[in-house]
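If you're matching them up, the sequences are chains A and V in order.
If you read the first sequence in numbering that gives the first Met the number 0, its first letter stands for residue 0, the second for the next number, and so on.
If you read the second sequence in numbering that gives the first Met the number 0, its first letter stands for residue 0, the second for the next number, and so on.
No wet-lab data here; the hints were simulated from the structure.
One should not assume that every hint holds.
[Unchecked claim] The following label-pair restraints were derived from C-beta to C-beta distances: (1) V/273 / A/277: 37 to 47 Å; (2) A/304 / V/253: 18 to 28 Å; (3) V/239 / A/293: 53 to 63 Å; (4) A/119 / V/168: 52 to 62 Å; (5) A/277 / V/246: 34 to 44 Å; (6) A/263 / V/127: 18 to 28 Å; (7) V/157 / A/17: 31 to 41 Å; (8) V/273 / A/304: 16 to 26 Å; (9) A/259 / V/237: 43 to 53 Å; (10) A/287 / V/158: 46 to 56 Å; (11) V/209 / A/180: 49 to 59 Å; (12) V/63 / A/252: 29 to 39 Å; (13) V/23 / A/290: 43 to 53 Å; (14) V/88 / A/293: 29 to 39 Å.
Even glycine gets a Cβ: it sits at the ideal position worked out from N, Cα and C.
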Amino acid sequence: MGVFTDRNKLVTMEKAASMIKDGDMVAVGGGLCMREPIALLRELVRQGRRDLHLVGTAHGFDVDFACGGGIAMAVQETHVSFEQDFGLAPNYRRACETGQVKIRESCCNTIIMQLRASEFGIPFVPVRSIKGSDEIKLHPEFKPMVDPFTGKKVVLVPALAPDVAIIHAQKADIHGNLKIMPPYVADVLFIRASKKVIVTVEEIIPEKEMIEEGPTIPYYETTAVVEAPFGAHPTSCYPYYAYDREHLSEYMKSARESAEAFKERYLNKYVYGVKSPEEYLDKVGGKAKRDRLASWTEGRERWMELFTYE
Amino acid sequence: MSERFEVGIDELFVVNVARTIKDRTTVFHGVSSPIPMVAMYFAKLTHAKDMVYFGGVSSAVDPNPPFLPPTTNDWVMIQGRTAMVTVDKIFDLAQRGELDRSFFSGAQIDKHGNQNVSMIGTPEKCKVKFPGGAGGCNLSGDCVNYTIWTTRHRAQKKGDKKFFTLVNKCDFVTNVGHVTPYGRREELDLVGNGPDWVVTELGVFDFDEKTKVMRLRYLYPDTTVNDVIDNTEFEPVIHPDVRVMDMPAREEVEIIRKIDPLGIRKLEYPERELSRRFEI
Numbered sequence: 000m001g002v003f004t005d006r007n008k009l010v011t012m013e014k015a016a017s018m019i020k021d022g023d024m025v026a027v028g029g030g031l032c033m034r035e036p037i038a039l040l041r042e043l044v045r046q047g048r049r050d051l052h053l054v055g056t057a058h059g060f061d062v063d064f065a066c067g068g069g070i071a072m073a074v075q076e077t078h079v080s081f082e083q084d085f086g087l088a089p090n091y092r093r094a095c096e097t098g099q100v101k102i103r104e105s106c107c108n109t110i111i112m113q114l115r116a117s118e119f120g121i122p123f124v125p126v127r128s129i130k131g132s133d134e135i136k137l138h139p140e141f142k143p144m145v146d147p148f149t150g151k152k153v154v155l156v157p158a159l160a161p162d163v164a165i166i167h168a169q170k171a172d173i174h175g176n177l178k179i180m181p182p183y184v185a186d187v188l189f190i191r192a193s194k195k196v197i198v199t200v201e202e203i204i205p206e207k208e209m210i211e212e213g214p215t216i217p218y219y220e221t222t223a224v225v226e227a228p229f230g231a232h233p234t235s236c237y238p239y240y241a242y243d244r245e246h247l248s249e250y251m252k253s254a255r256e257s258a259e260a261f262k263e264r265y266l267n268k269y270v271y272g273v274k275s276p277e278e279y280l281d282k283v284g285g286k287a288k289r290d291r292l293a294s295w296t297e298g299r300e301r302w303m304e305l306f307t308y309e
Numbered sequence: 000m001s002e003r004f005e006v007g008i009d010e011l012f013v014v015n016v017a018r019t020i021k022d023r024t025t026v027f028h029g030v031s032s033p034i035p036m037v038a039m040y041f042a043k044l045t046h047a048k049d050m051v052y053f054g055g056v057s058s059a060v061d062p063n064p065p066f067l068p069p070t071t072n073d074w075v076m077i078q079g080r081t082a083m084v085t086v087d088k089i090f091d092l093a094q095r096g097e098l099d100r101s102f103f104s105g106a107q108i109d110k111h112g113n114q115n116v117s118m119i120g121t122p123e124k125c126k127v128k129f130p131g132g133a134g135g136c137n138l139s140g141d142c143v144n145y146t147i148w149t150t151r152h153r154a155q156k157k158g159d160k161k162f163f164t165l166v167n168k169c170d171f172v173t174n175v176g177h178v179t180p181y182g183r184r185e186e187l188d189l190v191g192n193g194p195d196w197v198v199t200e201l202g203v204f205d206f207d208e209k210t211k212v213m214r215l216r217y218l219y220p221d222t223t224v225n226d227v228i229d230n231t232e233f234e235p236v237i238h239p240d241v242r243v244m245d246m247p248a249r250e251e252v253e254i255i256r257k258i259d260p261l262g263i264r265k266l267e268y269p270e271r272e273l274s275r276r277f278e279i
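Make a model of the complete structure from these sequences and hints.
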């Protein structure tokens, strides 16, 4: 919802993370195990950001990691899991059950409609569902009412304008034009509804090349751009890489054990003790790993293998 | 033709879910839904060739994936598609009353088809946190109809206690059935008509027209009415013509195996259920 006209929006990961403040409402892009801004979340954990209010639809690694890394205070997502692949999200679950995060669970269309209200510049919208569900208990801000035009029951939900949207995508130029390859999930809505938009991308390309490709999002809608190859790992960012089941499997082992085991064996190894993106790549398996995750292009059998290896 | 051929519970279950899909309808599956993923793709290739097939959060129209992955948001699920839409367009379709079917499940499912995908306990003092309903709270209200499925109907015994999935009352209602804690569906002006089928590993149910309580219609070759009653906390209605479900044709089972080489259709079961096999 802002307008950003800087000619050069390229910043470092450290600088980008510093633009997100304690207590901010943050819309996290991507979904489940695809195209989530994990490198930026790692930097937020490293910088010790606190009390973030996370907003989104169906998510997985990102939210679980943020809960385990201690940066989240409230979670207003609609679903957090590793689906039937790895099952329940252990850090998220623990954070909800110990009261470390407030449960603000919502539903996809509710969130979508609230983001649209923000995008449209209107204070609220009516939705026709939610009625009959206990989700209304989690959201005292929702107002059931009778539609004055039809006499039917509706629920009014207020505009949702996150302080910042963090999005990982394929390409951008330094001016901030952004290329997202579908599926977008809720990313386009997040960008239009949020006050600031920080994007991390696999590749920075020349503006001329971007104009020829045709940006998904025009430059004036993005605030800052970070070049972050492998920045969604261990979630996928096609066509560059599929998600990393081997890494997720290791992650799950310590996360399931306890908060302490997760800090000891995961955060210390992959977050606190890591000085650069190169060192991170090295720790998660280096070029061999990157090549393997890119091998989905080599045919059905190779792609299938990536969904079974751990 | 006399050669022995066996169908597994996992394949038969997929067929049961697929049978709830009609041709020339709009159908969407949500997240954490391996069985509906297989059932929808199977239906599209068999009896529902003109179904408008939305393959999950990936939001591809009529995908033709090379195999089915264990996640619903992956480039596998956009292969061979016609168009891409964005997921909000599928929710718009539903709110307009034009999404014919979706599929929901729950850690608890009550006699009226309400489901708990959220928590045991209260938001302030949560004892067990489940993943959350994703689009379920909205779509269970908006979809013309939907199918409920669970592979965990069989109650778990711990000491003298039995823990049911099919319960009298959900601790928390995420997705709405026919009679909610806030009133009946028609009193709430919901867009859709609610769940019309419930598929479990013990039987297939619809809902009694008057009481809107789950009603047993079909059994598996190895389950009985008593199995269903023993494993259900409430008293299900028993249809006067309960019978064993029709077995699929061998060719149909082979299609399931072909589209699901990774076996994601097996991911939702307690191990012991998967040894159930039936000769056809």
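We went through each hint and held it up to the structure:
Remark: the range hint 37 to 47 Å for residue 273 of chain V to residue 277 of chain A is upheld by a beta-carbon distance near 45 Å. Taking 18 to 28 Å as the suggested C-beta distance range, the pair residue 304 of chain A and residue 253 of chain V conforms, at roughly 23 Å. Here the CB-CB span from residue 239 of chain V to residue 293 of chain A is close to 59 Å, well matched to the stated 53 to 63 Å. At about 39 Å, the beta-carbon gap between residue 119 of chain A and residue 168 of chain V misses the expected band of 52 to 62 Å.
Judged by the Cβ atoms, the range 34 to 44 Å given for residue 277 of chain A and residue 246 of chain V is violated: they are separated by roughly 58 Å. Evaluation of the 18 to 28 Å hint for residue 263 of chain A and residue 127 of chain V yields a pass: the beta carbon distance comes to about 25 Å. With their beta carbons about 50 Å apart, residue 157 of chain V and residue 17 of chain A fall outside the hinted range of 31 to 41 Å. Between residue 273 of chain V and residue 304 of chain A, the C-beta spacing of about 23 Å keeps the proposed range 16 to 26 Å intact.
Distance hint check: the CB atoms of residue 259 of chain A and residue 237 of chain V are about 51 Å apart, consistent with the given range 43 to 53 Å. One distance hint, 46 to 56 Å for the beta-carbon pair residue 287 of chain A and residue 158 of chain V, holds here, with the actual separation near 50 Å. Taking the beta carbon of each, residue 209 of chain V and residue 180 of chain A are about 51 Å apart, inside 49 to 59 Å as hinted. One distance hint, 29 to 39 Å for the beta-carbon pair residue 63 of chain V and residue 252 of chain A, holds here, with the actual separation near 36 Å.
For residue 23 of chain V and residue 290 of chain A, the hinted distance range of 43 to 53 Å is satisfied, since their beta carbons lie about 45 Å from each other. In this structure, residue 88 of chain V and residue 293 of chain A meet the distance hint of 29 to 39 Å, their C-beta atoms being roughly 31 Å apart.
Of the numbered hints given earlier, the model fails hints 4, 5 and 7; all others are met.
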